[in-house]
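K.L.:
Each chain, written out:
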Amino acid sequence: MNRSELFNMAQVEQERQAKLRFRILSCASTPCLSAGSQDVFNALQTAVTEHGLNAEVDVVASGCNGLCSHGPVVRIQTGDAPDDIYEFVTPEIARQIVARYADENGADVSEHLIPADAPFFAKQQRIVLGNSGRIDQEDIEGYIARGGYTALAHVLREMAPEQVCDAINQSGLRGRGGAGYPTGLKWQLVRKAPSNKKYVVVNCDEGDPGAYMDRTILESDPHRLLEGMAIAGYAVGADQGYIFVRGGYPGAEKRLNQLERVIRMAEKHGLLGGRVMDSNFSFRIDIRLGAGAFVCGEETALMLSIMGKRAQPVPRPPYPAQRGLWGAPTLLNNVETFANIVPIILNGADWYANIGTEKSKGTKVFALAGKVVNGGLIEVPMGMTLREIIYDIGGGIRDGHEFKAAQTGGPSGGCIPAQHLDSPVDYESMKALGSIMGSGGLIVLDDTSCMVDVARFFMEFCVDESCGKCVPCRVGTMQMLRQLEKICNGSATMQDLEILEELCEMVRETSLCGLGQSAPNPVLSTLRHFRDEYEAHILERRCPAGVCKMDQVPVMELAEELPRRMRSASGQKEVA
Amino acid sequence: MLVTKQQSDYAPPATEDPRMDEVARAVKRFGYQQDALIEVLHIAQRAFGYLDETLLTYIARQMKLPLGWVYGVASFYHFFSFEPPAEHNCVVCTGTACYVEGAQKILDLLEKEFGVKPGQVSADGRLSVTDFRCPGSCGQAPILVIDGELLGRETPESTIARIKQLLANDKQAKEVAP
Ligand SMILES: Cc1cc2nc3c(=O)[nH]c(=O)nc-3n(C[C@H](O)[C@H](O)[C@H](O)COP(=O)(O)O)c2cc1C
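Chains as they are written, first to last, in our numbering: chain P, 1 to 576; chain B, 1001 to 1178.
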């Protein structure tokens, strides 16, 4: 397919859609599926057939609309009017929705309609998620009708590889995988690396428990990612790309088959593969499967996993940009980073650089979850305050409880308490608060959560996920977990707290890779902001939130405690 | 990589099993590339449900890798399992959002009712419980996956009810069948 054929296809599809009476987009992403959206989709299809509207109405299984806690979600597009979005749709409501749009006097479904000015949507700025929920992932025409692959066409015809790198650099885009390394710089490094074989790799491992942004982008708008990868390939001089996806999650097989079909479809249309859009540039994309190990998200481990080995990180340098897959220079970026490329090319680097803050440009996608009213996938400009995210978009805390902390960055991040709700969300401010931006997990905790137990939870995760290669991480995380367990069961003394702090320092300073280096973060940040809770556990033997069982005593006190227990076990009354 | 001597000590696996052919075809499709080991293991586990020694040996020979290497890779990743799956499997998500929403209570009650901890199989081999982080469905936490079906907003009680229902259905089916 060449440029004019592309525009032609877009026009044909746009005209086809314009002729329809309305389009129904039923969310088929994982959260909505777990709320029963498959039945809703079937009901919508049946209802459309019953109304004899098959020729005039599209029923599409779309990607994520964002409001995951209110699923299943259904979106209706009518002509140029703003879309109507319905929440908590059941098969019965689905039938009523179809009846409503088929006939003005149909059933009243306004109770399920989300108001157009609802802050959940109004406060967001959806760039990366721009197409998400509006197209069917397998429908390449739908993507092209929304301007898809024009950025690639533009780059191939109008821009030299160097200019592409410069544009990305100018936009100020930083890696969305957590560390925030300037993307343009990374691209330039790979471009300048001398080699005639280079690779582009997308990191979609996403092992952070409580985050699903990357997988959702991949599922909701895969062509956007493919197009971004192809642009990257052109810019750095690579002809092979890999999408590294963690396999093994429920439904993974179906999703991955879908993704495979999407890639082959793009190849069939000449938008990937040999001589892309009749240019001299060739780019192939393949999927590589992980098998569920958090450490695979670390870039050196990820590359080992692609090469079929145990994913145990190796020291850097050499960085992947110098020596990556099979020794060749490799560009490795996060899914969301790649999903930002197309809008930057289409709208210009200056447009992008105007969004966000001084040092953090653009938007960030968060998986907002936990004790908020509206949980889901949101995208906000960098620099928005946590308060706006949690109270305006998230709708505040559920069931009349009180906000306690926001957990960002998963097991490598930390907890941000209420007094910092007004700090802006960007790379620097999050770091200053002892947390990290991370890849986008944002879990809201209320007063029913015990912060020591939260730290214990994440440490347990790190113990499970430590790859075992370096001692500080393998043994250190285990020791830290023991100390935390002691605090949680009431058998700790202040000395244990000291040991814990010492261990934090040691593991952070001496571990080989980011997993170990950041494993102490949840402990350090809760110690920093919630030290009183640790002390209440140790000095007062109580868990302020009432989560921990606290059924043990420190070893030193066992001499007193044991006879008391034996007495109470044998039914004797305790003598005061 | 060299083929070690010990490998030839193993008896060749039964080749009548059509599932073995599927694995062999996969190895061939990847051009006998040793890099494709994880892909091949995925395909093998999909076909057999788990990886046993015969299967791993077969893969090792086909790909000309030492058995220790194959086992080393397979055992590194959480997803690969070396035990036959139970009749029914209940996966409880223990990701952060589900932790906050009380996934532990579900696990506790499962242990109390059926005597199975995460990673274990019940004594009669009919139910296994696994913990998993994370299916990425946090808006609907806590999340369960029972026999492949994704379920949101579960409580400890609804979980137990679902599993009891499943086990009872089997019993009925068995009583009708013979
Ligand atoms: C333990 C560990 C886990 C990681 N997991 C991920 C992940 O799931 N997804 C991701 O994009 N980056 C992850 N990273 C960061 C990557 O190593 C790498 O920095 C990133 O993918 C680079 O892409 P970016 O520049 O676009 O952010 C992880 C790092 C560590 C140390």
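Read the hints as simulated data drawn from the structure, not as lab findings.
Misleading hints may appear alongside valid ones.
[Claimed, not checked] Beta-carbon label-pair distances, calculated as ranges: (1) P/E358 / B/A1024: 56 to 66 Å; (2) B/E1157 / P/S568: 42 to 52 Å; (3) B/G1068 / P/E158: 48 to 58 Å; (4) B/R1025 / P/Q14: 35 to 45 Å; (5) P/E253 / B/G1119: 16 to 26 Å; (6) P/N280 / B/R1025: 49 to 59 Å; (7) B/Y1032 / P/G52: 18 to 28 Å.
Since this is a predicted model, take the numbers as computed values, not measurements.
Every residue gets a Cβ at the ideal spot worked out from N, C-alpha and C, and that includes glycine.
K.L.:
Lying within 42 to 52 Å: is that true of the beta-carbon distance B/E1157 to P/S568?
P.N.:
Violated, at about 32 Å.
K.L.:
In this structure, is the beta-carbon distance linking B/G1068 and P/E158 contained in 48 to 58 Å?
P.N.:
54 Å, holds
K.L.:
Given the range 56 to 66 Å, decide if the beta-carbon distance of P/E358 to B/A1024 lies inside it.
P.N.:
Holds, since P/E358 and B/A1024 (Cβ atoms, about 58 Å apart) stay within the stated range.
K.L.:
Please check whether P/N280 and B/R1025 have a Cβ separation lying inside 49 to 59 Å.
P.N.:
35 Å, violated
K.L.:
Honestly, do P/E253 and B/G1119 meet the 16 to 26 Å range at C-beta?
P.N.:
At roughly 22 Å between Cβ atoms, B/G1119 and P/E253 fall inside 16 to 26 Å, so the hint holds.
K.L.:
Should the hint that B/Y1032 and P/G52 are 18 to 28 Å apart at their CB atoms be regarded as holding?
P.N.:
Violated: the Cβ-Cβ distance is about 56 Å, outside 18 to 28 Å.
K.L.:
Do B/R1025 and P/Q14 keep their Cβ atoms within the hinted range of 35 to 45 Å?
P.N.:
At 43 Å between Cβs, range holds.
Hints 2, 6, 7 from the earlier list are contradicted by this structure; the remaining hints agree with it.
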